[in-house]
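Chemist: Spelled out, the chains give:
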Amino acid sequence: MQWRNSSRNYGLTSIFMHWGVALAVIGLFALGLWMRGLNYYSPWYRTAPDLHKSIGLILLAVMLLRVVWRWLSPPPAALPGHSPLVRLASTAGHLALYAGLFVVMLSGYLISTADGRPISVFGWFEVPALITGIPRQEDVAGDVHFYAAWALIILAGLHALAALKHYFIDRDDTLRRMFGRAKS
Amino acid sequence: MLKKTFTALTLGAALFAGQAMAADYVIDKQGQHAFVNFKISHLGFSWIYGTFKDFEGTFSFDAANPEASKVNVTLKTASVDTNHAERDKHLRSGDFLNVDKHPTATFTSTSVKSTGEGTADITGNLTLNGVTKPVVIAAKFLGEGKDPWGGYRAGFEGTTTIKMKDFGIKMDLGPQSENVELILTVEGVRQ
Chain A
1 MQWRNSSRNY
11 GLTSIFMHWG
21 VALAVIGLFA
31 LGLWMRGLNY
41 YSPWYRTAPD
51 LHKSIGLILL
61 AVMLLRVVWR
71 WLSPPPAALP
81 GHSPLVRLAS
91 TAGHLALYAG
101 LFVVMLSGYL
111 ISTADGRPIS
121 VFGWFEVPAL
131 ITGIPRQEDV
141 AGDVHFYAAW
151 ALIILAGLHA
161 LAALKHYFID
171 RDDTLRRMFG
181 RAKS
Chain B
1 MLKKTFTALT
11 LGAALFAGQA
21 MAADYVIDKQ
31 GQHAFVNFKI
41 SHLGFSWIYG
51 TFKDFEGTFS
61 FDAANPEASK
71 VNVTLKTASV
81 DTNHAERDKH
91 LRSGDFLNVD
101 KHPTATFTST
111 SVKSTGEGTA
121 DITGNLTLNG
131 VTKPVVIAAK
141 FLGEGKDPWG
151 GYRAGFEGTT
161 TIKMKDFGIK
171 MDLGPQSENV
181 ELILTVEGVR
191 Q
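Sequence order for the protein chains is A and B. Each residue of the first sequence is one higher than the one before, starting from 1 at the first, in the numbering used here. Each residue of the second sequence is one higher than the one before, starting from 1 at the first, in the numbering used here.
Keep in mind the hints are simulated off the structure, nothing from the lab. Glycine included, every Cβ here is placed at the ideal spot set by N, Cα and C. Do not rely on the hints blindly, as some may be mistaken.
[Said to hold, decoys possible] Below are the SDA-like pairs computed for lysine to any residue, each with C-alpha atoms no more than 20 Å apart in a straight line: (1) B:Lys89 with A:Pro49; (2) B:Lys165 with B:His102; (3) B:Lys70 with B:Ser111; (4) B:Lys170 with B:Phe96; (5) B:Lys89 with A:Leu33; (6) B:Lys89 with A:Phe146; (7) B:Lys76 with B:Phe35; (8) B:Lys89 with A:Asp50; (9) B:Lys39 with A:Tyr40.
[Stated by the list, open to error] Cβ pair distances, simulated, as ranges: (10) A:Ala89 with B:Tyr49: 48 to 58 Å; (11) A:Leu51 with B:Asp95: 13 to 23 Å; (12) A:Ala151 with B:Thr82: 25 to 35 Å.
[Stated by the list, open to error] Residues from chain B that keep clear of chain A, each with C-beta distances beyond 12 Å, as calculated: (13) Asp62; (14) Asn72; (15) Arg92; (16) Ala138; (17) Leu142.
Chain A extracted, bound-state conformation (with noise of 0.2 Å):
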């Protein structure tokens, strides 16, 4: 299999960046909820938030190299069983995709950051702090972040269910593409 996308298949570098974030998204979402109900005393209690904003930075570079790269080799055509509506639609959910993911990352970011300090990305680097001071910066960026999270977890899991409706029902390429396994 090639790393460029095909106009049949995704190429290896945008399924290996597909099902990466997918669980990347799905782990942040869990580790993210069950970290909030942790005891003061608990052994995870800073552990867990570390390693949350550690993959949370990390995807966030990923998802800016993967604009790069939807760029640099642009996706499959729509498959001639779309329509126009279709079409639309995934356009608009792929579109809300990405925006959920840079709104809950970015909040995230600027939950931390408020006070100036800077991230640390599993102990070997720092990104530093960019905007400070907005009056409860921490809290608002915190809301957003949660409802934002919440509102894209919903949107991913509509996502899958989408896609096991064109592999089952409409047994279409759609899905086995993203595998590199389309039969067209």
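Once you have looked at the hints, place chain B on chain A.
Modeler: Chain B alone, transformed into the frame defined by chain A:
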């Protein structure tokens, strides 16, 4: 005639005797010469200091009659600041101050008992996290007098210790951190 004049003069002198008269003061928020700080133990290893940046209040004070003094302070709970965004976010949440539900905290004095030269115990009601309980502030009068800019000021410091659970604060930080000490200092401008 002489007796009347004499009586009038004596009365007048008595009324204006010294500067120790009951006076109303407004806490100097404009120059921020007042602080509502707190301190709580971290694991028994160190102290976390914090402050409430946004508060206002008044007091009335007469050095000749300190037990007639009154004080009233209202603070915005969301103005808490412990120099750490993530911690401050947590402090404002339902685990601690629940600021969206209880945006203010107040202290209103009910009585003052002199405990020595320039010191007093100020008893009053503290409303925090929607719960009102009596507390006693151990206060010390620091001084009063004219300032260089045409005003007249008086200042105090005081401390009191509260148990977080008494005010319905849910978070369990361990046995070392049950109590918070409030450390206050206020300067008022006489009205």
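Chemist: Check whether the Cα positions of Lys39 (chain B) and Tyr40 (chain A) lie no farther apart than 20 Å.
Modeler: holds, 18 Å
Chemist: Between Lys165 (chain B) and His102 (chain B), is the straight-line Cα distance small enough, at 20 Å or below?
Modeler: Since the Cα atoms of Lys165 (chain B) and His102 (chain B) sit roughly 16 Å apart, the hinted pair holds (cutoff 20 Å).
Chemist: Is the Cα-Cα distance between Lys89 (chain B) and Asp50 (chain A) 20 Å or less?
Modeler: Holds, because 16 Å separates the two Cα atoms, which is no more than 20 Å.
Chemist: With 12 Å as the threshold, tell me whether Arg92 (chain B) passes as away from chain A on beta-carbon distances.
Modeler: violated, 6 Å
Chemist: Quick one, are Lys89 (chain B) and Pro49 (chain A) close enough, alpha carbons at most 20 Å?
Modeler: holds, 14 Å
Chemist: Could you check the hint for me, namely that Leu51 (chain A) and Asp95 (chain B) are 13 to 23 Å apart, CB to CB?
Modeler: This hint holds: roughly 21 Å between Cβ atoms.
Chemist: Under the criterion that the straight-line Cα-Cα distance not exceed 20 Å, is the pair Lys170 (chain B), Phe96 (chain B) satisfied?
Modeler: Roughly 6 Å between the alpha carbons, so the hint for Lys170 (chain B) and Phe96 (chain B) holds.
Chemist: What's the verdict on Lys70 (chain B) and Ser111 (chain B), does the C-alpha distance respect the 20 Å limit or exceed it?
Modeler: The given pair, whose Cα atoms are some 8 Å apart, holds under the 20 Å limit.
Chemist: Holds or violated: Lys89 (chain B) with Leu33 (chain A), Cα cutoff 20 Å?
Modeler: The given pair, whose Cα atoms are some 16 Å apart, holds under the 20 Å limit.
Chemist: Sort out whether Phe35 (chain B) lies within 20 Å of Lys76 (chain B), counting only the CA atoms.
Modeler: Roughly 13 Å between the alpha carbons, so the hint for Lys76 (chain B) and Phe35 (chain B) holds.
Chemist: Does the no-contact call for Leu142 (chain B) survive, Cβ to all of chain A over 12 Å?
Modeler: Its Cβ never comes within 12 Å of chain A, the nearest being 32 Å, so this holds.
Chemist: Is the hinted range of 48 to 58 Å satisfied by the C-beta distance from Ala89 (chain A) to Tyr49 (chain B)?
Modeler: Once the Cβ atoms are compared, 55 Å apart, the range 48 to 58 Å for Tyr49 (chain B) and Ala89 (chain A) holds.
The structure shown violates just one earlier hint, number 15.
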